[in-house]
Amino acid sequence: MDPVTIGETLAALMFFGVIGFLLLGFPVAFTLAGVSLLFGSVGMAFGVFDPSNFGSLPSRYIGFMTNEVLVAVPLFIFMGVMLERSQIAEQLLLTMSKLFGNLRGGLGLSVILVGAMLAASTGVVGATVVTMGLISLPAMLRAGYDPKLATGVICASGTLGQIIPPSTVLIFMGDMLSGINSQVQMAKGNFAPVPVSVGDLFAGALLPGILLVSLYLMFVIFKAVTDPASCPATPVPPEEKGALLGEVFTALLPPLCLILAVLGSILGGIATPTEAASVGAVGAMLLAALRWRLTFSILRETVIATATITSMVFVILLGASVFSIVFRMMGGDNLVHEFLSNLPGGTLAAVAVVMIIMFFLGFILDTFEIIFIVIPITAPVLLAMDVDPVWLGVLVGVNLQTSFLTPPFGFALFYLRGVAPADLPTSAIYRGILPFVVLQIVAIAILFIFPGIVTWLPRLIAG
Amino acid sequence: MRFIAGLAAVICAVNLVIGKTFAWLSLAIVAVCFTVVVQRYLFAISHVWMQDLYIWLNGAMFTAVAGFALLRDDHVRVDIFYRPAKMRTKALSDLLGVFLFLLPFTWVVYTYSMPFVQRAWGYHEASANVGGMPGLFILKTFIIAFAVMISLQGVAMAIRSILVLSGNAALVPKSIQYGPDRGPDHPQGAV
Amino acid sequence: QGNITWRMVTTWPKNFPGLGVGAQRLADRITAASGGRLTVQVYSAGELVPPLQALDAVIDGSAEMSHGAAYYWQNKSPALSFFTGVPYGMTTPELTAWIRFLGGQELWDEIYDQFGVQGFLSGNTGTQAGGWFRDELTSLEDLKGIRFRTPGLGGRVWEKLGATVTNMAAGEIFQALQSGTLDAAEFVGPYNDLALGFYQVAKNYYMPSFVESGLATELVVDKKKYQELPSDLQAIIRDVSQAEYDMVSSDFIANDPRALKTLVDDHGVIVRQFPDDIMEAGAKASVEVIEELRNSDDPLVKKTTESFIEALNLVRTRTEQIDAPYTAAREKYLKY
Ligand code: NA
Ligand code: NA
Chain A
1 MDPVTIGETL AALMFFGVIG FLLLGFPVAF TLAGVSLLFG SVGMAFGVFD PSNFGSLPSR
61 YIGFMTNEVL VAVPLFIFMG VMLERSQIAE QLLLTMSKLF GNLRGGLGLS VILVGAMLAA
121 STGVVGATVV TMGLISLPAM LRAGYDPKLA TGVICASGTL GQIIPPSTVL IFMGDMLSGI
181 NSQVQMAKGN FAPVPVSVGD LFAGALLPGI LLVSLYLMFV IFKAVTDPAS CPATPVPPEE
241 KGALLGEVFT ALLPPLCLIL AVLGSILGGI ATPTEAASVG AVGAMLLAAL RWRLTFSILR
301 ETVIATATIT SMVFVILLGA SVFSIVFRMM GGDNLVHEFL SNLPGGTLAA VAVVMIIMFF
361 LGFILDTFEI IFIVIPITAP VLLAMDVDPV WLGVLVGVNL QTSFLTPPFG FALFYLRGVA
421 PADLPTSAIY RGILPFVVLQ IVAIAILFIF PGIVTWLPRL IAG
Chain B
1 MRFIAGLAAV ICAVNLVIGK TFAWLSLAIV AVCFTVVVQR YLFAISHVWM QDLYIWLNGA
61 MFTAVAGFAL LRDDHVRVDI FYRPAKMRTK ALSDLLGVFL FLLPFTWVVY TYSMPFVQRA
121 WGYHEASANV GGMPGLFILK TFIIAFAVMI SLQGVAMAIR SILVLSGNAA LVPKSIQYGP
181 DRGPDHPQGA V
Chain C
1 QGNITWRMVT TWPKNFPGLG VGAQRLADRI TAASGGRLTV QVYSAGELVP PLQALDAVID
61 GSAEMSHGAA YYWQNKSPAL SFFTGVPYGM TTPELTAWIR FLGGQELWDE IYDQFGVQGF
121 LSGNTGTQAG GWFRDELTSL EDLKGIRFRT PGLGGRVWEK LGATVTNMAA GEIFQALQSG
181 TLDAAEFVGP YNDLALGFYQ VAKNYYMPSF VESGLATELV VDKKKYQELP SDLQAIIRDV
241 SQAEYDMVSS DFIANDPRAL KTLVDDHGVI VRQFPDDIME AGAKASVEVI EELRNSDDPL
301 VKKTTESFIE ALNLVRTRTE QIDAPYTAAR EKYLKY
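For the record, the sequence lines run as chains A, B and C. Number 463 marks the last residue of the first sequence (this note's numbering); no jumps. Number 191 marks the last residue of the second sequence (this note's numbering); no jumps. Number 336 marks the last residue of the third sequence (this note's numbering); no jumps.
In isolation and in its complexed conformation, chain A is listed as follows (with noise of 0.2 Å):
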C-alpha cells in the first residue's frame, strides 16, 4: 500500500477508534490525546507520521492562553455561577410561577420563560438545570402535571443556555470558524470576506433560540388544551397577590436589566463579547451584593466553579490539539475533503451529512468533544463549498444542544435525575425528554430550510 493510503486509513481508523475508547469512561481530554499519540505511534511505524510534529503542541498552547477571543469564557460562567449561587435564579424562578401559576400549564410556561432568561444571563447549563429541578419540578409534581412532561419541559428549557447568547459553545465555535473562514476565503481570492465574529455568532443564535422557547411554548399550550390533567392550574392565594407586585420589581427586573445591558452591548456592538462578560460578572456580584448575599463562601464557591469548569473545557482543547495534529499530518484532512466534496446533492447534502454525525455523536459524546473534533475537519471543506459560516455555526449549536438531551449521555437528563425525586421512575425522563428531541430536529429542519432565520439579525447589525 503507498503511504497515502496507510496514512488515511490509520487516520480514519483513529475517529472511529477515539469513540470506541471514549466508552471506557476514562475522562475525555486524556482519552483524546491518548488515543490519539497510539495511533500516531503506529503511523511513526509505517512511516506516515512524524513525531516532529508535536513540536507544534507547545506552540498552539500558548496560543488557547494568549487568546483574547476564548477570555470571555471564564467571564460568562463567573457571571451565571454567581447568579446561580447568590439564588437569584431561584427568586426569578418563585417570581415568575407566581405569575403564571393561574393558567393552565401556567407552571410549564414560566420555567420555560426563566430558562430563556437564565439562559441570556449564562452559558451554563447544568447549573440551570439544576437549580430548575430542585425548585420547579416538586412545585410542578404536587400540581399534579404529568411527570413526563415536567421533566421535559425542565430539561429542555435547561439547556437553551447553550443557544441563547452568549453561549461558551458560541465563543469557542465563533473563534474556530473566524480563523478557517478567512483562510478559507482567502485561498478562495475573497480577500475581503465578510468577518465571522463572536459577536455574529451570538446575533446569529438569538432568533433560532427565540424560536426554540416558541416552539417548547407552544408545545406546552398545546398540552393546556388537548390535555388538561396534564398540566394543571395553580392558583395563587390572594394575599400572595399583592406582594407580587413587589416581587417582580426586586426579583425579575434587576437581572432582566443586567441581562439586556450586557446582551445588547454585544449586539449592538458597542462591546466585544470579553468586555460585556466582565461587566456582566460584576453586574451579578452586585445583585448579588444588593440581597446581601456576597459572602465570602458564595464568591469562594463561584470562583472554584468557575475555574474548574473553564479548565475542564480549555484541557478538552488541549487534548483535542494532539487529535488535529495526528489526524491532519496522516492525511485525514485529505479524507474528509474528498468525502464531503463528493457526496451526491453538493453543498446542502454535505451539511446535512455534517449534521447527522454530530446528532448521532451526541448520543455519546458531549458538545465541546464534538465540536474541537469535528468543526476543524469539516468547516474549512464546508465554507470552501460557500457555505454561510455563521448559518454553519448557529446550525451546529442547535444541533448539539440536543445533545444534552438525548439518552443514554445526555448532561440535562443526568442532572434532573440527580435532583428528582426518588420514586421518579428515571423511564419518565426518559420519554419526557422525546418530544423535545422532536421539536429540536423541527428547529434544526426550520433553519435549514430558512437560513435567513440565522443570517437576518447578523447582517441587519452589520448594517
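It should be emphasised that the hints constitute simulated quantities derived from the structure, not laboratory data. It should be emphasised that the depicted structure is a prediction, and the values quoted were computed from it without experimental measurement. Using N, Cα and C, we set each Cβ at its ideal position, and we do this for glycine too. Wrong hints could be hidden among the right ones.
To be verified - Between beta-carbon pairs, the in silico distance windows are:
#1 Glu-306/C <-> Ala-261/A: 34 to 44 Å
#2 Leu-253/A <-> Glu-136/C: 40 to 50 Å
#3 Met-218/A <-> Asp-142/C: 36 to 46 Å
Unchecked claim - Partner residues are not named here, just some residues of chain C that face chain A (Cβ under 10 Å, in silico):
#4 Pro-13
#5 Ala-63
#6 Gly-180
#7 Thr-181
#8 Asp-183
#9 Arg-272
#10 Glu-310
Assemble the complex: chain A is given as a structure, and chains B and C with the ligands must be docked to it using the hints.
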C-alpha cells in the same frame, strides 16, 4: 500499601491547595478586564499590559487548576458504562486510562514543551505586544506545571485503582474515594 | 540522498495579496528549482500553529521554515525590529543595502544564531500607507485620545503623539472601525487595504506611514537542517529568497497604485498627507524610541541600533541628494 496511599494523599493535598488558590484568578480576570473596560469607555485610556494581563490570567488559571479539577472528577467522562459500573470496574478503567492515555499525553506535552519553555526563560521572554506584560516565560512555564500536576493526579488515580483492586479501598484518600453518584451538588460538567 | 519535504509555516493567510502569495511562490520556486529534491509544503497562518507562533514552530522543529516579519518576534530581541523596519526608518532600497552590504545580515545572523535559525530577506511592502481615519486631521491636537490600530514600535510612536493604541489581527480591524471601537487604523497599503474593505467605514486615507517605511518580510530556516543540505540546495533557498524579495517588492509597486486608483475613483476615498506638525512630532518620537534601543543593556541590541543608525546616515545622503530631488523635479515638471 500504606506508603502508596500516603503518597496519593500528599498529591491530593498539593493539588487541593494549588486548585483552591489559583481558582481566585477567575475573580482577578473579572477585576482586570472590568478595569480595562472602564478605562477605555469612560476615560479613553488603555494600557497594553493590562490587556495582556487578564488574558494571561485565564491561561494560568485553567492550566494550574487542571490537576485539581481531575481530583474533583470534573473532567467530563463518557460514562454510559462507567457510571453504573462496580467500583472494581471503575478502578480498572481508571488504571488503564492513566497508563494508556494520561501519562503518555503528559509525557509528550512535557517533552515537547520543555525546550520551548527553557528558551523563553533564556531571554526572559515578554509579551509580543510592544508595551505589553513582562514574564511570558512564566506563563509558558504553566504548560509544564499543567503536565506535572495532571501526571501527579494521574498517579494518585492509579494508586486509588491499585488500592481498590487489592482490596484496600479503605486506604484511598478521602478526597478521591469512589462515592455513590455525586448528585446535584456539582453541576459542573455541562457548560 | 532521497527527496526531502520541508514544512513552511507563514504568518499570512493563504493567498494574501503580495505576502501570502509571495510565500507560496517562494515555496513553489524552491520545489521547481531543485527538481523536486526539496519540496516545500506551505501551511498558512493558523493551519499548523497560530500565526504569531511561526518562528517558535521552526525553533521547536515542527516546521523547517517560516515566512513572516522579524518584528513580530521583538520580544525575543528588540533588535529584530530593525530587520523588518522601524519608525522613520529606511526605505526599501536603503534597508536592502544595509542588510546586504553594510553589516545588517551579519548582525541578523548573530541574533538568530541564539535560536538556531537563520533569516533571509523574502519580500518588502515598500513604504506603507499612514492609515484610515474617519475624520480629517488638521493638527497634532486631533490625535489626542484617538483610538488607533497599529502594531509594534510604530504603536509606541503613536502613543507618544497622544493616540490610544491597540493592536488587532487583520480580520478584526474592519469590524472595530465600523462599530467605533477604533477611530482609525493602518494595515499595509492600498493593495491590501482595498482587499480588507476599510474604505467602507473611513474615507480619509493618509499617506505616507512615517512608522512603517520599507517593511521587509523574512524567510527563516532551521539553521542546522539548512547546513546539512547539499550546497546546491542551500544556494537554491538563498537565491530564490533573494529573487522573491524583488518579486514581492515589484508586486507592491505595480499594484499599490492600481488599488489606490480604484479606491479613489470607485469608492470615493480622499487621499491626504499628514499635517506637518504630526510628521515632525512623529520624527521626534521615533528618535526617542530608537534611542531607548541604543541604550539597551543587551550589547547586541545596542550594536544593531548603532549599525542601523550609521548605515541610515550614510544611505540617506544618496536618497536625499539624488533620488529625492529627482522625484521632486519629476513631479513638478514632467507631464505625459
Ligand atoms: Na446562554
Ligand atoms: Na447525548
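Hints and how they fare:
{"no.": "1", "hint": "Glu-306/C <-> Ala-261/A: 34 to 44 Å", "result": "violated, 54 Å"}
{"no.": "2", "hint": "Leu-253/A <-> Glu-136/C: 40 to 50 Å", "result": "holds, 45 Å"}
{"no.": "3", "hint": "Met-218/A <-> Asp-142/C: 36 to 46 Å", "result": "violated, 56 Å"}
{"no.": "4", "hint": "Pro-13", "result": "holds, 4 Å"}
{"no.": "5", "hint": "Ala-63", "result": "holds, 8 Å"}
{"no.": "6", "hint": "Gly-180", "result": "holds, 8 Å"}
{"no.": "7", "hint": "Thr-181", "result": "holds, 7 Å"}
{"no.": "8", "hint": "Asp-183", "result": "violated, 15 Å"}
{"no.": "9", "hint": "Arg-272", "result": "violated, 23 Å"}
{"no.": "10", "hint": "Glu-310", "result": "violated, 36 Å"}
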